[in-house]
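Please construct the entire structure, taking both the sequences and the accompanying hints into account.
Taking full-length UniProt numbering, the leading residue of the sequence shown gets 1, the next gets one more, and so forth.
Derived from the structure by calculation, the hints contain no laboratory data. Keep in mind that a hint or two might mislead.
Claimed, not checked - For lysine-lysine, the following BS3-like pairs were computed, each having C-alpha atoms within a straight-line distance of at most 30 Å:
{"id": "1", "residue 1": "350", "residue 2": "408"}
{"id": "2", "residue 1": "464", "residue 2": "383"}
{"id": "3", "residue 1": "407", "residue 2": "513"}
{"id": "4", "residue 1": "464", "residue 2": "523"}
{"id": "5", "residue 1": "94", "residue 2": "128"}
{"id": "6", "residue 1": "537", "residue 2": "518"}
{"id": "7", "residue 1": "408", "residue 2": "138"}
{"id": "8", "residue 1": "464", "residue 2": "493"}
{"id": "9", "residue 1": "128", "residue 2": "408"}
{"id": "10", "residue 1": "444", "residue 2": "415"}
As the structure is a prediction and not an experimental result, all values here were calculated from the model.
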Amino acid sequence: MNERKFVFDWDAGEDTSYDFNPLYANPHNAQMFGRGHIAGIDIKEQKKQKSEFYNQMLKERRTDEEIERAAELIEMDKKREAKMMWDDRHWTEKPLEQMAERDWRIFKEDFNISTKGGGIPRPIRSWKESGLPDNVLKIIDQVGYKEPTPIQRQAIPIGIQCRDIIGVAETGSGKTASFVIPLLVYISDLPKLTEENMSDGPYALIMAPTRELAQQIEQETLKFCTPLGFNCVSVIGGHAIEEQSFNLRNGAEIIIATPGRLRDFLDRRILVLNQCTYVVMDEADRMIDMGFETDVNLILDALPVSNVKPEGDEAENIEALMVTNSGRKFRQTTMFSATMPPAVERLAKKYLRRPAVVTIGQAGQAVESVEQRVEMINDENKKKNRLLEILNSGNYAPPIIIFVNQKKGVDVLAKALNRLGHQAVTLHGGKSQEQRESALSQVKTGSADILVATDVAGRGIDVKNVSLVINYDMANNIEDYTHRIGRTGRAGKTGVAITFLSNTDTEVMYDLKQMMVKSPLSKVPPELANHESAQTKGGVVKSKKKHEETLFQ
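Written out as structure tokens, the structure is:
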């Protein structure tokens, strides 16, 4: 103490680091600590010292035995170091046979792949290592698939093992090829269709909720089917039944169908499913949303029961799954969906046997490559002016998709845009099949810049290089919103989704806010972040609205 005050000044004479350890005589010397390694130890420095120590041993030792022993130690150290360097390499630098468990774990993390279920095979690193037949690999190369997408990496090896699959992946992730390729490998082992067995129906059935998605799957499947010599026929609404019946005259190994039209074919006995052994349900959640649950159940119940998989552990036994007692393979059922609502889980539980569940990213999450923007606009005229401002800004290259909730609203908005010099076409459930196909074709070929549509275009429609999606009306639920914005940012590209939100959209505000918070590219605007309906699920506004309705009654 100095005059009743503590003195905290450092006295150089009190430094104790010099007392016992000469290493610390100069504190600025390179030391063994503080290099950011485990326990502060510099591994490189240690190796250098060890090497010097062994070399010193060689100089000091005189006998042959001592020199031999020192040389052995040096060699052992080199081998240990080489092994450590080998193990530290990234999986991209290793051949397949040297992949360790840790490498596979990193591989799955790199592609955001997660799996559930027993006996799941390793994902494929490249097409060459996939183990697919040469003729299929040749077509993959011709089609131009350079690298497998994450869902293809994991779903294809599972599909080849005849396992049932539930695939949960964002839209635009290459799901079609991930079920078409195992399907073709599966039916390649079955007998060729002849006049005797073609009347028993197809070997494989692919169901999709909308005509556009079914046609898109057909285009993709034909790329593989035609060179392999398989017949593929689509059975969808909007086309004459007679024409589609005529297409089935020579039989078909694969049928791609919408549930409503397929049920008509079964009811009229135009088609039977007596030998159908491979079933794919694409966008299963959308099929349920559109009210096809009864039709889907009826179709799946029409399949033969002679080759249904066992329910026990045998459903995961690869050897047991390949052949049944009758010489035919067990039925394989694959279900793909971007979300998994309870109705879809119920369907899966009823018809799938011990499925392998493959999830890419998180179920129900928006595509990470899409920047989501929200603008609060309550006035209809302001909304129109803002839309024109965005379209005339020149910041977004065509094609652009604009979503409206009502069919009438689609037609009105498209007419207004065409009057103002934009090339807009429409797509909704009130249009004939020819009109719908023409609209999509114009957008894909570039003769139209803007597609104005209802949620019919929200699922499965693959228009390449869509730079912008505008939700002129906010979707009624977050699942539809997720699929709408999934039309952009596809196949590794980035995109923008702008949503016009109003006070009538209170029921989806909380979910929308949560989705934007999870997106790395998106920023929640203060109007949405601070809105009372965005604070809790269901919101205060919902109960307030209900109270007002009661008062007016």
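Tested hints:
1. 350 with 408: 39 Å, violated
2. 464 with 383: With a Cα-Cα distance of about 27 Å, the restraint between residue 464 and residue 383 holds, given a limit of 30 Å.
3. 407 with 513: 27 Å, holds
4. 464 with 523: Distance of about 26 Å is within 30 Å: holds.
5. 94 with 128: Satisfied, since the Cα-Cα distance of roughly 15 Å is no more than 30 Å.
6. 537 with 518: Distance ~16 Å between residue 537 and residue 518 Cα, so the pair holds.
7. 408 with 138: Violated, at roughly 48 Å.
8. 464 with 493: 10 Å, holds
9. 128 with 408: Violated, at about 51 Å.
10. 444 with 415: 20 Å, holds
Violation of the numbered hints given earlier is confined to hints 1, 7, 9; the remaining hints are satisfied by the structure.
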